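Asker: Protein chains in written order, with this note's numbering: chain A, 1 to 128; chain B, 1 to 492.
Honestly, the hints are just simulated from the structure, not real lab data.
Hints may contain errors.
Calculated Cβ distances over 10 Å to all of chain B for the following chain A residues [unchecked claim]: (1) R24; (2) K63; (3) V111; (4) K125.
With the C-beta cut set under 10 Å, the calculated list includes, among others, these residues of chain B facing chain A [stated by the list, open to error]: (5) G21; (6) G175; (7) R344; (8) K391; (9) E392; (10) H399; (11) Y410; (12) A414; (13) E425; (14) D475; (15) V476; (16) K480.
Ranges of calculated distance between the beta carbons of each label pair, as one might list FRET restraints [said to hold, decoys possible]: (17) A/E126 with B/D445: 49 to 59 Å; (18) A/P108 with B/E127: 27 to 37 Å; (19) B/D409 with A/P108: 35 to 45 Å; (20) B/L360 with A/K75: 55 to 65 Å; (21) B/G281 with A/E126: 53 to 63 Å; (22) A/E126 with B/P458: 22 to 32 Å.
Please read all numbers here as calculations on a predicted model, not as lab measurements.
In this text, a Cβ means the ideal position worked out from N, Cα and C, and glycines have one as well.
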Amino acid sequence: MKVPADLYYTKTHEWAKVEGNKARIGITDHAQEALGEIVFVELPQVGDELSAGDSLGAVESVKAASDVYTPVSGKVVAVNEALLSSPGDINADPYGKGWMVEIEMSNPSEVEKLLDAKAYEELLKEEA
Amino acid sequence: MIRLRDYEPLLNELSVPGRRGYYLPECDVPGKAEDYLPSEALRKEDAPLPELSEVDVVRHFSRLSDLNYCIETGIYPLGSCTMKYNPKINEYAASLPEFANLHPMVPVSAAQGALELMYKLQKYLAEITGMDAVTLQPAAGAHGEYTGLAIIAAYHRSRGDHDRVEVLVPDSAHGTNPASAAVAGLKVIEIPSDSRGLVDLEGLKAALGPRTAALMLTNPNTLGLFESDIVEIARLVHEAGGLLYYDGANLNGTMGVCRPGDMGFDVVHLNLHKTFSTPHGGGGPGSGPVGVKKHLEPFLPVPVVALSESGEYYLDYDRPQSIGRVRTFYGNFGVCVKAYAYIRRLGPEGLKRVCEYAVLHANYIWARLREHYRFRYDRICKHECVAMPTKEMMDNDVHTKDIAKRLMDYGYHAPTIYFPLIVPEALMIEPTETETLQELDGFCDALIAIKKEALENPQVVKDAPHNTPVRRLDDVAAAKNPILNWRKLGNL
């Protein structure tokens, strides 16, 4: 199970890659593994304003449909439209080609409340 | 790969030009179709309907029905679905011509028997759930949820409480709960479960507030566990100004022993097609009556079946605060007849025994399987239990889906899998009260045998099913590129 050290994580299994005041967001390797093969992805519109914890979209696998929650507040500045035609990218490359949205953070200090890689690994151990 | 259509062709593929099983009578409308219809509505050529004789059709459907697994075949242990055997006497009652042939437009004076049955069923369901009034209109469970939430929203509006738009739903809830709340225009807030598998009281307190419209709760919950803090939960929700909604999907786990009304719930929906024993799972019809406490009675959908002082049953439309109609006519009446027959046949003691046996059977399965499978919440349950494969099985790459597929080779229907979502690799087993000890043992023996296979010969489990007309289906392709209708496209 890959948990890259340079990302932030949530208890609901999203990751955030923070660069300046922007955060790129997706779901973790653990999440894609637990969901199984993903067949549909729902994304927000560019320009949508989201608060931390809001649903930013959904992923649907052959097992279940799950909301994806944004770890940080802000405005959606990019969405990965390639996922709409190839949702399996999330399974194949959850931290790379499987990214879902980019958010311009309105409150960058929220990042401090997220889990670091070590804390997320602990969480996975607890949940196993 | 053998495909189902190799095993049993489609009707279109069985078609032989010119073959007929039925001739329409001579048209007795004068003139031709083109005299009545505009040219764009007329067919240029005949519809490509299959051409078959009666014997072709009967044999086709008989062969298909031989492939079917149903509650008449064996245990059907889908969790939170209550797939119990449905006594045939219920079908007899519902097919009595006085019920089955009754037209919904006849005057109430000509439908007194049917109205009496509905009136009494409303009373019985109110008594069973501890509620004050019941509507029989909703067509099934999720429709009942929607109706109940519409009643709750109307109640808050009537008090000028316009900010109450949030519905709290535990993370173990049935998927219909958040869906119904969203359709009712309310906002869903998820409440975490604690280490016991029950509502986390601190999480609940944190979510309650002046925007809370209601908490939706299933009790026993989808883990088959009784929410033992329910009295405290009800107090907290009511203190915050919210109402309590009872999802009746799991009523089989408490019926006759305790009542949602006594636990503090304000609204309940029931699934007559589950708890009160009518066939379901094939697309319906279901029936999802909603019961409410006194303060919500004015908001019930119209019409309500009522009894006049002179002893006549009538349809009461004079309810100015009603949320309106939620269904054409008066709900799925045939299902109500079956539920009425079921309740009358069992009586209060019988209904209680239903619950006791349902709980006993689920605990028997838990007790037999707990040495062989994992149980995250490893304790006495109500009507269902949730198992998981062990780490050793998973290390051999045998997952819940493989176990479910392999069960078919042993002749059993799989339980609900991958639900509730808070249990990874869940196998959610609800045996119901109608199974015998032998059937329960056969099912447990199969699961134990599959465990052994998973450790000693995992490939046989991973390649399952072996003995069914079609093998492992490509569920990803089925979800992404479904072929839902027949077209003459050759070899699809």
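Asker: Take the hints in turn and mark each one as holding or not.
Answerer: Structure-based check of each hint:
no.	hint	result
1	R24	25 Å, holds
2	K63	4 Å, violated
3	V111	22 Å, holds
4	K125	13 Å, holds
5	G21	39 Å, violated
6	G175	8 Å, holds
7	R344	40 Å, violated
8	K391	9 Å, holds
9	E392	14 Å, violated
10	H399	9 Å, holds
11	Y410	22 Å, violated
12	A414	13 Å, violated
13	E425	9 Å, holds
14	D475	4 Å, holds
15	V476	5 Å, holds
16	K480	5 Å, holds
17	A/E126 with B/D445: 49 to 59 Å	34 Å, violated
18	A/P108 with B/E127: 27 to 37 Å	58 Å, violated
19	B/D409 with A/P108: 35 to 45 Å	56 Å, violated
20	B/L360 with A/K75: 55 to 65 Å	56 Å, holds
21	B/G281 with A/E126: 53 to 63 Å	37 Å, violated
22	A/E126 with B/P458: 22 to 32 Å	28 Å, holds
Taken one by one, the earlier hints fail for this structure at numbers 2, 5, 7, 9, 11, 12, 17, 18, 19, 21, listed in ascending order.
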